[in-house]
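**Student:** Work out the full structure: start from the sequences and follow the hints.
Chains as they are written, first to last, in the working numbering: chain D, 2 to 340; chain X, 2 to 340; chain L, 2 to 340; chain A, 2 to 340.
Derived by calculation from the structure, the hints in this document are not laboratory data.
Quick caveat: nothing in here was measured; it's all calculated off a predicted structure.
Wrong hints could be hidden among the right ones.
Just so you know, same-sequence chains aren't split out, so a pair can sit in one copy or run between any two.
Said to hold, decoys possible - The list that follows gives simulated cross-link-like pairs (lysine-lysine, BS3-like), each with its CA atoms no further than 30 Å apart:
#: 1; residue 1: Lys75; residue 2: Lys38
#: 2; residue 1: Lys334; residue 2: Lys215
#: 3; residue 1: Lys38; residue 2: Lys215
There are 4 protein chains.
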Amino acid sequence: MQIGMVGLGRMGSNMVQRLLRNGHDCVVYDAHPAAAKPLVELGATACAELQDLVAQLAAPRTIWLMVPAAVVDKVLAQLTPLMQEYDIIIDGGNSSYHDDIRRAAELAAQGIHYMDVGTSGGVAGLERGYCLMVGGEAATFAHLEPIFAALSPGAGTVPVTPDRVQTSADQGYLHCGPHGAGHFVKMVHNGIEYGMMAAYAEGLNILHKANIGKQVRESDAETTPLRYPEHFQYDLDLPEITELWRRGSVIGSWLLDLTARSLQGNAALEDYTGHVSDSGEGRWALATAVDQGVPTPVLSAALFSRFESRGNAEYANRVLSAMRKQFGGHIEKPKGSGS
Amino acid sequence: MQIGMVGLGRMGSNMVQRLLRNGHDCVVYDAHPAAAKPLVELGATACAELQDLVAQLAAPRTIWLMVPAAVVDKVLAQLTPLMQEYDIIIDGGNSSYHDDIRRAAELAAQGIHYMDVGTSGGVAGLERGYCLMVGGEAATFAHLEPIFAALSPGAGTVPVTPDRVQTSADQGYLHCGPHGAGHFVKMVHNGIEYGMMAAYAEGLNILHKANIGKQVRESDAETTPLRYPEHFQYDLDLPEITELWRRGSVIGSWLLDLTARSLQGNAALEDYTGHVSDSGEGRWALATAVDQGVPTPVLSAALFSRFESRGNAEYANRVLSAMRKQFGGHIEKPKGSGS
Amino acid sequence: MQIGMVGLGRMGSNMVQRLLRNGHDCVVYDAHPAAAKPLVELGATACAELQDLVAQLAAPRTIWLMVPAAVVDKVLAQLTPLMQEYDIIIDGGNSSYHDDIRRAAELAAQGIHYMDVGTSGGVAGLERGYCLMVGGEAATFAHLEPIFAALSPGAGTVPVTPDRVQTSADQGYLHCGPHGAGHFVKMVHNGIEYGMMAAYAEGLNILHKANIGKQVRESDAETTPLRYPEHFQYDLDLPEITELWRRGSVIGSWLLDLTARSLQGNAALEDYTGHVSDSGEGRWALATAVDQGVPTPVLSAALFSRFESRGNAEYANRVLSAMRKQFGGHIEKPKGSGS
Amino acid sequence: MQIGMVGLGRMGSNMVQRLLRNGHDCVVYDAHPAAAKPLVELGATACAELQDLVAQLAAPRTIWLMVPAAVVDKVLAQLTPLMQEYDIIIDGGNSSYHDDIRRAAELAAQGIHYMDVGTSGGVAGLERGYCLMVGGEAATFAHLEPIFAALSPGAGTVPVTPDRVQTSADQGYLHCGPHGAGHFVKMVHNGIEYGMMAAYAEGLNILHKANIGKQVRESDAETTPLRYPEHFQYDLDLPEITELWRRGSVIGSWLLDLTARSLQGNAALEDYTGHVSDSGEGRWALATAVDQGVPTPVLSAALFSRFESRGNAEYANRVLSAMRKQFGGHIEKPKGSGS
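**Tutor:** Here's what the structure looks like:
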C-alpha cells in the first residue's frame, strides 16, 4: 500500500523503515528535511512541503502522523484543507483520546476518516515490531490491515495462549473500538508501564541501600536511629541480580531485560541525573481513573515520583519545613546529611 | 547429590520432581504423609518421621525446608537436635531475612551450616525452572551448586544480555551475599511483584469501566457528576487487549502472559471474590525500605490495596463517614449506589 | 440587602437563617416548596416558581444558587432568560472552576455578573459562620461584601496572627481572584480536607487494631506470621484518646473535635458501613495537580480510599487473585479470614 | 513534687519551666551544662553529673528523660546502676514502643518502675501545655498525676465535648495502657501529624502553581502539553488564603494557624530548602500498620515525601531514566526545564 508519513523522529523513521521492508510505498515529510534523507536511500519518497506529500499520494490517501501530541492540531490545520473526502488520517502519536473524539468529528464533517493508533515498542520496534492499539471505524481498520500487519510483530513471536481463537491481536494489532479507543487503551498501557517501571526502580533502590548500616549515623532528635545496622551490611550486585531475575522468576519482563542491560558495567548509573519526564498518557490515565471513580494508587504514585524527580514538590517541602520550625523549632539539616 | 526435602506442598513437591529428573537422590518428608506418595512413584524415598529423614541421609546432610514461614522455627526445633556438625539446612521458603541472620548464628553454634534461598517460579517452576537467590557462606554455596543448577532454568532460556561475562546468574541462581542476602533479594523481588501486579490490575480496572458513561447517574450533592459521559462509552475486550500487549509492547512480561491466560473465556473474572492474601515479603520489603529511608510509594500502595481487599480499611472508612455526618450532615449511601 | 436564594437544602436554608439574623431580606426558592416553610416563619419570602423569585427581587438582583453541581447548568438555563443586565448570579455550591470560567463568559454576554463562592462550614456554619472563597470581578465582590460579612464568622473568633494587617480574610471571606478563583481555592481546600480526614482515619485504625495479637492466627503460606504478637495486646480507648489529643497536641483541629464527639459512647462506630462518598472537589483537585505536574500523593491516596470504600477496586482485586492462581496456584481465602 | 530532668533541649528545658511555675521541685542535668543555667535562675537545681542528680533526689526518685531516642539506652546504662528499687524512670522522648516493652522488663528486674510518656506540644508547650500520652503501671501513673497535671494544658482550654464524663483526658493527659501504650499512641499521633502536614503542603503547592499557564511550555514529545493554559492564570495570595481558612472552614487546625503565621510576609518561603527530616515515629507508625495489615496509604505517602525531599529517591529515578533511554531512546532533560 501507499502511505504518507508525517514526522520522522525516532518512532516515525523506524516505522517507515519497517513498512519499506515489508514492501509498502512510503512518501515522507518532516519539518527538518534532513530527517528524510536516510529513508530516501531505503526507497522512500521525500517531500519538502505538506502540499507535495498530499500531491504525491493517490486518492484516497492514507497519512500517518507521528508528531508530538502538542503539535497535532497545528499539523491538522495545515493538512486537512489539502485533503479530500475518503482520505484517511492516522494519529499514531500520544494524543489524548478526548482529542481523538473531537478531531474525528471535525474531520468527518469534511468526509475524512480519522483513526487513532496507540503505538508501543520504542526504538526496538524496528526489529521487534510495534504493538498497535487502533480506534476508529471498523471499515477503515479493515482497509488499513496490511499496514498494521507490516508494523506489528506478527504471529509466532511469543508462545500462544492456550484455548484461544487466533485474531489480529495474536499478530500484534487490534481494533479496540470506535474513535479514541486506541489511544484510550494506549493511555492505560502507559499508565501500567509507569507503574511497572516504578516497581522495579523502587525495589532496586532498596537493594542499592542494603549496605546503609555501614554508614555512621548521627544521634540527634532529627535523625531516626537505624534499629539494626548490623542487618544492613549487604553489598549487592545489581547487574547480577537483575540478570538473575530474568530467569524463572515471576517478575521477568522486557523492561527487566532492558534494565539488566542498562546496569551491565554501570551499576551506579552515574551518567543519569534522575530527572524523569512524562509524556502525558500517565497523567491522562490518572485523570480518567479519577473521572471513573477507579482507585489507581500505584499508577498515581508512579506518576508523582516523576513529578518529584523534577523538583515539583519543592514548595510543598518548604511548607513542611516552615511548619516544623513553627511548632518544634526544628532547623533544616543540609541536603544529603542523613537518610 | 543426596538431599532431604521437608514440606511437600505445591512448591516442595514440584522441586523434588525437578531434582529427581536431574538425577538427584531425594529423601522426603511432610507432616501429611500422603503428600509423599506421588513422589515415591517417581523415585523419592519417603519418611514418616523427621528422625527417619535424618537417618536416611548420609552425613554431611543437606536438608531443604519448604514450609510456611510461620513454622520454620518449630521445624528447626525438632530437626536440629537430630543433626550434626557440617550438616546443611536450607530455608527455601519465604522467611524474613532477619530470621535468617538469627538462625544462621544459632545453627553455627552447633556447627550446622544454614543457607537461605529465595525461590521464585510458582507452579510453573517444575517445567520452567526456579529462580534461586542464595544467601550464606560461599563454600556452602559452591558445595550446593549441583542442586541449584538442577532447580534453575539453565542457560539458553532467555536471550543473552550483550557484553556480559556469563555467571551462574545466567543459569538462574546466584550467591547474593552472606546470611540473609538470599531472602533479602527475594523480599525485594516480591515487593516488585506486588507493584507490577497492581499496575496491571489498576490499568485493567480502568479499561473495565470504560463504558461507565452508559450508566444513569444520580444528580445529588453526594455524587460527582461525570463530566463527559459521552467519552465513557467503550466496551473493551480485555482478553483481546491483554493478548495484544504481549506482542511488541513495552509492558510485555510473564505476569501479562498469565493474565491474558486467565482472562480467556473469563473476562469478568466472576469466579474470584478479590480477597487478596499477602505472604509477608511485601510487608518486609516495605518495613525494610522504611528502615532505610527509601521512598517506596508504589510498593506500599500495592500492599495496601491487598489489605483493603480484605476489608482491613473498614474502621477507617467508618471514621470518615462519622466525620462527614458530623460536619456536613451527610448520610451514607448504600454500597454499590454510585461510582 | 435583598438577596434571592435558590436551593434550600442543609446549606442553603442555614445560610438564609444566618442572613435573616443579620438583617438581610431573603427571597427563597426550592424545587420542593416545603423546604421554604420554616424560613418563611423566620421572615423570608418564599416563591413557588423561579419567575416569582426574579419578580420579587428589585433590579439589579442578586441570586445565590446553593444546588448540587450537577444541576447548576439546568437552573441557569431556566433562570438567566428571566434576568437582566447588571443582575448578579452567585454559585455558592461545589462547581468545578472550569465551569465557572465558561459560565462567567456566557453570562457576561448577557450583561449578568457571575460570582463563584466556595463555601465551607457544613451544618455548623449557621452558628460558627461560613468560610467564603470568592472569585469574580472586584467591583461585584465589593458590592456583595455586606452579604459575605453576614455569612462569615467575623473578627474575633480565632486568635489573631501576629504582625498582620487585618483584611476581610480575618473576618472569614476573601476575594481570591477572577472568575473561578473562588472554586479553585475551595477545590484545594476540600482536597486538603480529604487528606486530613484520611490521616485521622488511618491513625485511628492502627489504634483500633492495637490488640490484634490477641487473635489466633493461621500458620499457612497465605498468612503472614505476626512477628511480635505480644506487642499487639493494647485495648485502647479511642474516645478518650481523641479527646486527649484536642488539648495541647500538634494535631488539634476542628475535625478532631468532631471526631471525638462522634466516638463518645460509640467507639466501634457500628452504625456506619464505611461507604464514603465524594462530591467532586477532591477529584478536581487531583486532576488539577496532574495538569500542573504537582505531586499530590496524600490527596490522591485519600481520594482513592474513598473509591475503594465503595467497592470500586473489586475488578482490580479479582485480577490479582486470578494472577496469583495462575502463577502460584493460590486459592482465595474467604473474606475476613485473616489480617 | 520533686523530679529530675535529664536532657535540657528545647523540650526538656521548657517542661522544667512549666513544672517550676506550678511549684514543683526540679533537679536538672544536661550533657552540656550551660543548658541548665537559665533554669537555675528560675529555681531549678543543676547537676554536673548523673550521680549528683541521683544523689540530690529523695528516694523513691522520679527521673524524666527528654533525650533523642538514639541515646536513651546509653543514658539508661549510666543511670540505672545508680538507682534503687521503687524509683521511677520516665521516657518522655520519641522512643519506639517496642523499646519501652523491653526496657520496662529490664528495669522491673531491678525493681525500677518505667513509664513511657509520649509528649506533644512543641515549643509552644511552655505556654499551651503539653499533651501527655502515658503508658505503664496504673499505680505509678496515679503517683505521677501531679506532674502530668502541671505539664498538661488543664481543663477549660478547649470547648467541652457534649455528653461526656470528664476524665484526665479533658485536662490533657491520659493513662493509655500498659508499658509502651503511651509511645504507641504518640507514634500514631505523629503519623497523623505527618499526614495532615502533607495534606496542607500538597494543597498549598497546587495553589502556588495556579499561574502555571503564564509560563511558556515546550512542544516536544518529552513535555506534556498543558490542556487549558488559560485556566491556570491565577496569582493566589497564600498568606491571605491560609488566614481565611482559619475561620469557619472544615480544615481549621493549630497546624493551619502556624502555617498562616509562617507565610506572613514570606509567601515564597525562600529561606527554606525543603529538606524535611523525620524523627522516627512516622516510620514506626507505618511499620506497625504493616505488621497489623492496616492500610495506611496517606501516612506512608506523607513519610515517603519526606524521604524524597532528602534525595533518597535518586537511584530509583536514575533507574527510570536508564529504562527510558533503553526502550525509547529518551534523553534526560535538565532539571527545572519543565513541569
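**Student:** Okay, which hints does this one fail, numbers in order?
**Tutor:** Of the numbered hints given earlier, the structure breaks just one, which is hint 3.
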